[in-house]
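Enquirer: Residues per chain are reported as follows:
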Amino acid sequence: MRSILKIVSPLMLIALIAPSILFLAGRMELDQVKWIMLIATIAWFATATPVMWKDNGQTQQDDTATT
Amino acid sequence: MDTEQQSQQAQAGSEFEREPVPKNAQLGFKSFIGMYAGEHCAGTELMIGPLFVAAGASAFDLVVGLIVGNALAVLSWMFLCAPIATRARLTLYYQLEQICGRWLVILYNLANGVMFCFLAGAMVTVSATALGVWFKFPMPALNDLYPNSVGWVVAVAVMGGLIAIVAAYGYQTVAKFANIAAPWMVLVFLAFALIGLRQFITATGTEVSSASDVWTLCKTTIWKGGEPLPGQTKFTFWHVMFFAWFCNMAMHIGMSDLSVFRFAKKSWYGSASGTGMYVGHFMAWMAAAMLFAFQLHQTHPDQYMIDLLTEHTTGKYTQQSLEESSLTAELIGEAMEIENQLVAAGTIAEEDKKISVPTPLPGPLAHNAAGLVGLLCVIIAGWTTANPTIYRAGLAFQALAPKLSRFKVTLVTGAIATIAGMFPLIAMKLLGFVALYGLVLMPMGAVIFVDFWLIRKFGLQSNYAKLSGKSFNVAAFLAWFVTLVTAYILVKYAGVQIYFVSLPGWFVAAILYVVLSKLYQKKIRPAAA
Numbered sequence: 001m002r003s004i005l006k007i008v009s010p011l012m013l014i015a016l017i018a019p020s021i022l023f024l025a026g027r028m029e030l031d032q033v034k035w036i037m038l039i040a041t042i043a044w045f046a047t048a049t050p051v052m053w054k055d056n057g058q059t060q061q062d063d064t065a066t067t
Numbered sequence: 001m002d003t004e005q006q007s008q009q010a011q012a013g014s015e016f017e018r019e020p021v022p023k024n025a026q027l028g029f030k031s032f033i034g035m036y037a038g039e040h041c042a043g044t045e046l047m048i049g050p051l052f053v054a055a056g057a058s059a060f061d062l063v064v065g066l067i068v069g070n071a072l073a074v075l076s077w078m079f080l081c082a083p084i085a086t087r088a089r090l091t092l093y094y095q096l097e098q099i100c101g102r103w104l105v106i107l108y109n110l111a112n113g114v115m116f117c118f119l120a121g122a123m124v125t126v127s128a129t130a131l132g133v134w135f136k137f138p139m140p141a142l143n144d145l146y147p148n149s150v151g152w153v154v155a156v157a158v159m160g161g162l163i164a165i166v167a168a169y170g171y172q173t174v175a176k177f178a179n180i181a182a183p184w185m186v187l188v189f190l191a192f193a194l195i196g197l198r199q200f201i202t203a204t205g206t207e208v209s210s211a212s213d214v215w216t217l218c219k220t221t222i223w224k225g226g227e228p229l230p231g232q233t234k235f236t237f238w239h240v241m242f243f244a245w246f247c248n249m250a251m252h253i254g255m256s257d258l259s260v261f262r263f264a265k266k267s268w269y270g271s272a273s274g275t276g277m278y279v280g281h282f283m284a285w286m287a288a289a290m291l292f293a294f295q296l297h298q299t300h301p302d303q304y305m306i307d308l309l310t311e312h313t314t315g316k317y318t319q320q321s322l323e324e325s326s327l328t329a330e331l332i333g334e335a336m337e338i339e340n341q342l343v344a345a346g347t348i349a350e351e352d353k354k355i356s357v358p359t360p361l362p363g364p365l366a367h368n369a370a371g372l373v374g375l376l377c378v379i380i381a382g383w384t385t386a387n388p389t390i391y392r393a394g395l396a397f398q399a400l401a402p403k404l405s406r407f408k409v410t411l412v413t414g415a416i417a418t419i420a421g422m423f424p425l426i427a428m429k430l431l432g433f434v435a436l437y438g439l440v441l442m443p444m445g446a447v448i449f450v451d452f453w454l455i456r457k458f459g460l461q462s463n464y465a466k467l468s469g470k471s472f473n474v475a476a477f478l479a480w481f482v483t484l485v486t487a488y489i490l491v492k493y494a495g496v497q498i499y500f501v502s503l504p505g506w507f508v509a510a511i512l513y514v515v516l517s518k519l520y521q522k523k524i525r526p527a528a529a
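If you read the sequences in order, they're chains A and B.
Residues 1 to 67 (the numbering used here) make up the first sequence, in order.
Residues 1 to 529 (the numbering used here) make up the second sequence, in order.
None of these hints come from the bench; they were simulated from the model.
Heads up, some of the hints might be wrong.
What the hints assert, rightly or not - Stretch-level coverage of chain A by chain B, calculated; a stretch enters the list once three of its residues show a Cβ under 8 Å from a Cβ in chain B:
hint, segment
1, 13-23
2, 37-50
Unchecked claim - Simulated crosslink set (SDA-like; lysine to any residue; CA at most 20 Å straight-line):
hint, chain 1, residue 1, chain 2, residue 2
3, B, K176, A, A18
4, B, K353, B, G371
5, B, K176, A, M28
6, B, K176, A, L30
7, B, K176, A, I21
8, A, K6, B, E207
9, B, K176, A, L24
10, A, K6, B, F458
11, B, K176, A, P50
12, B, K176, A, E29
13, B, K176, A, T49
We treat Cβ as the ideally placed atom computed from N, Cα and C, and that holds for glycine.
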């Protein structure tokens, strides 16, 4: 299952960005772009979370903040 | 990043705090690439990009200024911060403690914590603008200093309160969620840029068949330059370049990232910061800037402004020309001036003034481009970056009162950040605040640099606090304090803008530290060392 999710989750990122590329090329309407991005977003978090949810929380240093 | 590396990095904040990082805990180049790319795509990018447009930055100034400024930032990480980090392999705090003594480090922590609180407040402000799209309460304007509606205060209180509670209860959980959200967020920012570009092409009817056509569109329509919006500072190439360079000054020249690069095998790993700079501080800023530029392009003067301009300028404008014109800084400025004259003449009352400056609100901007995903991006970007910022501010404050629980300190810190977030001043003046944040912490970076590389060449002792047993190095404190006073005088009385004062400030701090150490340091017998 995990190995399937490892393959599927990057595809969701491609599904996330592809509509805006098609919109730039004039091949898709903005409303469609928004819907597909939303579906890809839900799918990304659903598939990536089981893969990436490891004990790697504190990856940022404790004494700086970013802008 | 493999599991072992992740596990090692997970311990970065909690291990080797008072000892050099051992060889077996050092990390490869890839670890730093991922970390920097994710960290610098934050909620505040959605505010900074539009503020460049509000500041009247032109396409050339913006693109070239960001390329050069970000390159200088990467070089600062590579040649100032990382070489010390990979030699000493100590945290910033432990290295500072050896140079400055415990009490001065506590003072530094206090300054750090206060700046973090305000920065987290700006992140909460950014997130709260997304709620405005749903709940339709009046949102703050570009030149507002104080909260302008009950709805806004409630939205910030809810958003900030949730962030603070989650940070206090489950910092690690949000940090894990942030790792998952990072690649998604980067691509949503990229989508903002692609969508914004297409919207400009459609709105202007431009034929685009080459990169040169895109550049022409950028120069003539998207980032035209010219006057800044009323109340904003005009940004030239130099402003953009110095801002990009010093935006994370606290980290590279200020040496905060000693704590990060102490884990790097080689000092050239500092170049990994380039991913953060060119993903977050180039692509994300440009994308967010494009969204606000499009909002301005699509906004036309309302009938009140048209009447004001046609009636009080002799033949300069017609109803038709203004109806077809996009809202520009020049038109707004002219209309405001006419209103002020009318108030001075007693024709209208002060409270009847209606001309307002368009405000870059991340929530509505992102919603117009990407709908619900845009709003989620604003909320998640603000939340995932405010979370570690509040947590770190809590850590900094906890150094002042070590007996207080981390939970309580984080909650109180979150409450302060939330109150700060209610005041739009910080987010709307974010360019100036970020410059101030770097400036305040920069002198200690100069002290560390001089202490590590140069001070022995002057016959003085490095790590003086450790060797002498002093808990407060007066020379380091005065170098810090006098540098900030000098910067204040330059900004307040010599007309030097805050964006430019940090560069001479670094040299002032470095020279002062050497001179004052010469006066302050006493000979230490070898036995004491």
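Enquirer: Now tell me if each hint is right for this structure.
Expert: Status of each hint after checking the structure:
no.: 1; hint: 13-23; verdict: holds (count 7)
no.: 2; hint: 37-50; verdict: holds (count 7)
no.: 3; hint: B:K176 with A:A18; verdict: 26 Å, violated
no.: 4; hint: B:K353 with B:G371; verdict: 33 Å, violated
no.: 5; hint: B:K176 with A:M28; verdict: 34 Å, violated
no.: 6; hint: B:K176 with A:L30; verdict: 32 Å, violated
no.: 7; hint: B:K176 with A:I21; verdict: 29 Å, violated
no.: 8; hint: A:K6 with B:E207; verdict: 41 Å, violated
no.: 9; hint: B:K176 with A:L24; verdict: 33 Å, violated
no.: 10; hint: A:K6 with B:F458; verdict: 57 Å, violated
no.: 11; hint: B:K176 with A:P50; verdict: 11 Å, holds
no.: 12; hint: B:K176 with A:E29; verdict: 35 Å, violated
no.: 13; hint: B:K176 with A:T49; verdict: 9 Å, holds
Violated hints, in rising order: 3, 4, 5, 6, 7, 8, 9, 10, 12; the structure is consistent with all others.
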